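Residue numbers for the sequence shown follow the numbering used here, so the first one is 1 and each next one is one higher.
Treat the hints as calculated values from the structure; they're not laboratory data.
DSS-like, lysine-lysine: derived pairs with alpha carbons at most 25 Å apart:
id, residue 1, residue 2
1, Lys204, Lys819
2, Lys63, Lys164
3, Lys290, Lys259
4, Lys702, Lys851
5, Lys851, Lys819
6, Lys221, Lys257
7, Lys227, Lys269
8, Lys164, Lys204
9, Lys383, Lys204
10, Lys851, Lys781
11, Lys780, Lys851
12, Lys819, Lys624
13, Lys204, Lys215
14, Lys227, Lys257
15, Lys166, Lys241
16, Lys215, Lys123
17, Lys326, Lys361
18, Lys257, Lys290
19, Lys253, Lys221
What follows is a list of derived Cβ distance ranges for each label pair:
id, residue 1, residue 2, range
20, Ser382, Arg58, 30 to 40 Å
21, Thr376, Asn52, 26 to 36 Å
22, Arg58, Ala844, 47 to 57 Å
23, Ser604, Gln718, 56 to 66 Å
24, Asn824, Lys361, 19 to 29 Å
25, Ala844, Met731, 38 to 48 Å
26, Asp673, Phe132, 32 to 42 Å
27, Lys293, Ala799, 48 to 58 Å
28, Arg58, Phe132, 18 to 28 Å
29, Gln643, Lys383, 47 to 57 Å
30, Glu848, Gln718, 26 to 36 Å
31, Thr427, Phe70, 55 to 65 Å
32, Ala799, Asp83, 25 to 35 Å
33, Thr579, Ala844, 40 to 50 Å
In this text, all values refer to a predicted model and were calculated from it rather than measured experimentally. Think of the CB as a built atom: it goes at the ideal place given N, C-alpha and C, for glycine as much as any other residue.
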Amino acid sequence: MHRIRKYCTWILVIASCPAIESCSSSKTAANNAGFMNRFYHNNTARYNSFFNAREIYRKNIEKYEQDYAFQYGALLPIIILPDENATQSLGTPMDEIIKKCSNVVDRHKVSKWVDDSYMMLGKAYFYKGDYFNAAQTFQYVYNTFPDKNLKEEAVAWIGLAKMKDKLTDEAASAFDMALGNIGDAISSKSFVHAASAEFYKQNKDYEKAAQYLDKAVASLKKVDTEKKIRYSFTLGQLYEKINANDKAIEAFKQIEKLKAPYEIDLVAKINIFRLSNITDGGKTDDLVEKLNKLLSDEKNKDYKGSIYYVLGAATLRRNDVDSALKLYKLSIKNSQDNFNQKALSYSQIGDIYFNNLKDYKQAKLYYDSTRAFIQTDNPEYSKIIERHNKLNELIENQRVINREDSLQRIALMPENQRNELIEKRVTSILETQRQAKTVGQEQPYYNTVQVDRFNSQGSAIWYFYNNNAVASGYNEFVRRWGNRTLSDNWRIGSQQQFAGMNIQGNAPIDDFSTLKDAKPNDIKTYLLKNIPLTPTMLDSSNMRKQTACYNLGNIYFTDLEEYNEAITYYSLALNLTPTAQYQAELLYDIYKSYELLGNNTLASDYRNKLFSQFPNSTYATAIKEPGKKNNATDASQKAFEDQYELAYIDFQNNQFDKVLEGNTQFQISTASDYLKSKYAFLAALAIGKTQNLNKFEPELKKIKINYNDYEVSREASQLLAMIDSNRDEYMARSVALDLTSVATSNNATDVTRRLAEQQQSEGERIAREQAEAERLSYFKKPAPNAKFLFIISVNNTTANLNRTRYGINHFNMDNYPDKKYQYNTIVLNKETQLISVTQFNDLATAGEYYKRFVANRSSITPLEDDKYDVFIITTDNFARLTNQQNVIQYVNYFRNNF
Numbered sequence: 001m002h003r004i005r006k007y008c009t010w011i012l013v014i015a016s017c018p019a020i021e022s023c024s025s026s027k028t029a030a031n032n033a034g035f036m037n038r039f040y041h042n043n044t045a046r047y048n049s050f051f052n053a054r055e056i057y058r059k060n061i062e063k064y065e066q067d068y069a070f071q072y073g074a075l076l077p078i079i080i081l082p083d084e085n086a087t088q089s090l091g092t093p094m095d096e097i098i099k100k101c102s103n104v105v106d107r108h109k110v111s112k113w114v115d116d117s118y119m120m121l122g123k124a125y126f127y128k129g130d131y132f133n134a135a136q137t138f139q140y141v142y143n144t145f146p147d148k149n150l151k152e153e154a155v156a157w158i159g160l161a162k163m164k165d166k167l168t169d170e171a172a173s174a175f176d177m178a179l180g181n182i183g184d185a186i187s188s189k190s191f192v193h194a195a196s197a198e199f200y201k202q203n204k205d206y207e208k209a210a211q212y213l214d215k216a217v218a219s220l221k222k223v224d225t226e227k228k229i230r231y232s233f234t235l236g237q238l239y240e241k242i243n244a245n246d247k248a249i250e251a252f253k254q255i256e257k258l259k260a261p262y263e264i265d266l267v268a269k270i271n272i273f274r275l276s277n278i279t280d281g282g283k284t285d286d287l288v289e290k291l292n293k294l295l296s297d298e299k300n301k302d303y304k305g306s307i308y309y310v311l312g313a314a315t316l317r318r319n320d321v322d323s324a325l326k327l328y329k330l331s332i333k334n335s336q337d338n339f340n341q342k343a344l345s346y347s348q349i350g351d352i353y354f355n356n357l358k359d360y361k362q363a364k365l366y367y368d369s370t371r372a373f374i375q376t377d378n379p380e381y382s383k384i385i386e387r388h389n390k391l392n393e394l395i396e397n398q399r400v401i402n403r404e405d406s407l408q409r410i411a412l413m414p415e416n417q418r419n420e421l422i423e424k425r426v427t428s429i430l431e432t433q434r435q436a437k438t439v440g441q442e443q444p445y446y447n448t449v450q451v452d453r454f455n456s457q458g459s460a461i462w463y464f465y466n467n468n469a470v471a472s473g474y475n476e477f478v479r480r481w482g483n484r485t486l487s488d489n490w491r492i493g494s495q496q497q498f499a500g501m502n503i504q505g506n507a508p509i510d511d512f513s514t515l516k517d518a519k520p521n522d523i524k525t526y527l528l529k530n531i532p533l534t535p536t537m538l539d540s541s542n543m544r545k546q547t548a549c550y551n552l553g554n555i556y557f558t559d560l561e562e563y564n565e566a567i568t569y570y571s572l573a574l575n576l577t578p579t580a581q582y583q584a585e586l587l588y589d590i591y592k593s594y595e596l597l598g599n600n601t602l603a604s605d606y607r608n609k610l611f612s613q614f615p616n617s618t619y620a621t622a623i624k625e626p627g628k629k630n631n632a633t634d635a636s637q638k639a640f641e642d643q644y645e646l647a648y649i650d651f652q653n654n655q656f657d658k659v660l661e662g663n664t665q666f667q668i669s670t671a672s673d674y675l676k677s678k679y680a681f682l683a684a685l686a687i688g689k690t691q692n693l694n695k696f697e698p699e700l701k702k703i704k705i706n707y708n709d710y711e712v713s714r715e716a717s718q719l720l721a722m723i724d725s726n727r728d729e730y731m732a733r734s735v736a737l738d739l740t741s742v743a744t745s746n747n748a749t750d751v752t753r754r755l756a757e758q759q760q761s762e763g764e765r766i767a768r769e770q771a772e773a774e775r776l777s778y779f780k781k782p783a784p785n786a787k788f789l790f791i792i793s794v795n796n797t798t799a800n801l802n803r804t805r806y807g808i809n810h811f812n813m814d815n816y817p818d819k820k821y822q823y824n825t826i827v828l829n830k831e832t833q834l835i836s837v838t839q840f841n842d843l844a845t846a847g848e849y850y851k852r853f854v855a856n857r858s859s860i861t862p863l864e865d866d867k868y869d870v871f872i873i874t875t876d877n878f879a880r881l882t883n884q885q886n887v888i889q890y891v892n893y894f895r896n897n898f
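Construct the entire structure; sequences and hints are all you get.
This is how it looks when you write it as structure tokens:
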């Protein structure tokens, strides 16, 4: 009956429309979108396209948010933003929404649902990962429609889109704008505050995040219970981050009042226990008692992993490391299906071995396990990966030392004992291979053995002595050692110093797959060939060991800041024979280590050794007269700048022979490449002023190729383009740049005027092209208050950058001791890793750092020049770069604009 009444009502409304329309015919004539027109478009839009689009959006986003796996050990999301996987899975339904909403805005322009359709359109772009078009659409909503709530919500969505695109400054501006105008926007107030809180949370400004999230909670409607629970929990986490424990406890208490689901209610209760314990003075007995009661409750059997985890943290606070390890392991055991909890517990055990016990091999094993379970959006992900990589470098270098020690011990054995040992090993290897074939698991067996092949304690024992190592067979050995190079760990300075010092370079490692079915004599030959039985082989073994010791010293000094361990390995490298060719730097490193330890006596001893043995080295100079080397370099470059200025004056005075003569000497000087490029271009112009096009054009092409990184390359390209456009005219000249020699001219003034007009036109064209290129460029010119980073981009993700990081550290300490510049390593994509140095407050400071780095690059990094790029970049453009993951495009932008 209700449906019939409703249907009749619609009939009456529609039936009465002609009369209404007739009575207002004059108004209809004045308004093409009259009542019937608007009525039709409103209802067509409302009950067809927009209604369907809104339902698709609601169902898909609700499902995505309901399926989201919350990690209660990490900060919960305030706004559940899509990750890459989500944007892919949501792509199809969002495309359907875009299609339907586009239909509304294209075909029903007078409908009152157009503004809502544009909002839905922007959200669909957002959830499919097209953040640029999302921001553009929300911007259109803000600029076009008067609805206050819609406008401020749109600005907040712009902020979220910019945040996802890593455009932090633009996102901050959007949120500032939304928050500044939110007063009258009642219905969008909670969303604007929540989105702002998410932005500040992601940028680790937890105080502001808590401030805005508190306002978001207060603005929620009573029916938004689910959001209120999550917001309150996250608010408690944020308060804990800023040590406002009383406020955190109050926020967590709201969870129980809201009758939250059991899991989040339990975690909130545990957090209240834990924070109350800290607030009450930090005694853990009461906390442990309460947690043990929770363990004994049958309702909590599925949450034992989380409870054991908190017990482990409480026990660790009492410095009971052994008990904490046991509890964290119980957490892992009781978290079979909770991968997030497993990752947290493995990570904590790794941290204990790393920070408390300094057992880096064990730490690496637990970080390995953490990597297997941790999600990429976990806040600890970057720390885990960084530590894992550092420990991997440490262990690989330690293995080199142990291996060479073992090989040398075997070499010292009497021949009959050595042969007897090898025979036993051959027999054992053959038996292992036979057993593996029998069970049909040879390859998996070799690939899964996780035994430490080399015992680093006591006497060094190579795998000849170790049945477990033998059992892993040839394939495991080649997997660990074959085709591995540590060339990126070599010394700062000339690569020639290290010829023959590749850790594996002089110790041939065969492909064991070719020996899988080898005869006993073949295996014996293989085992013997790496034993250093001759003086030359022994020297090579020691050089590999020496390089590994040096690498370990750098890791302990730069990455782990364990200066005693650094001294141990630097000293080993220093005392090995043959004598290291980089003794001066080793003495300097030991001196710096003792200085950082506060042992001034031993620091003085090694400083004096450096002064007496290498008085003229750069390291001695760095101690005696800090900055002298760089001041000398700066003075030298200033002298070269003066030479260039004189050459330019000669050019203006038509003394072209002097310019050409001076360029010959200048190019073999120690002037910077930048100055050499300028002088070379000046010399090319001098040739253009004295010789024909056949001589001038090749010089321009050389400039374009040889100085591709510099401004003169672009200037040469512009001249070459002008020549191509007017080749006949240039060919007719006896002197390429002599305007009076144009064969077709009868009057020098006319020719000058005509060419000046042509050059002006060309200049205007170039200016237009540059302006258009800037408009279309993904990267943008620096804002007046822009902050800058210095970037080293290495086109090899497996390159070991430890030496480069160490070189940057020394460079910064020597040149900018008061600046406290920080550096980080980022893997950008499958081809590129970056080292960023942060941060510079203006372009001038960043440019000065860039120039000084380039002038000293050979003493900072062992990487070959063609293996990396260096540039400066604004923080906004860096966000664009990491989002687009295309370094080449930015490098080209940098070369053209800086």
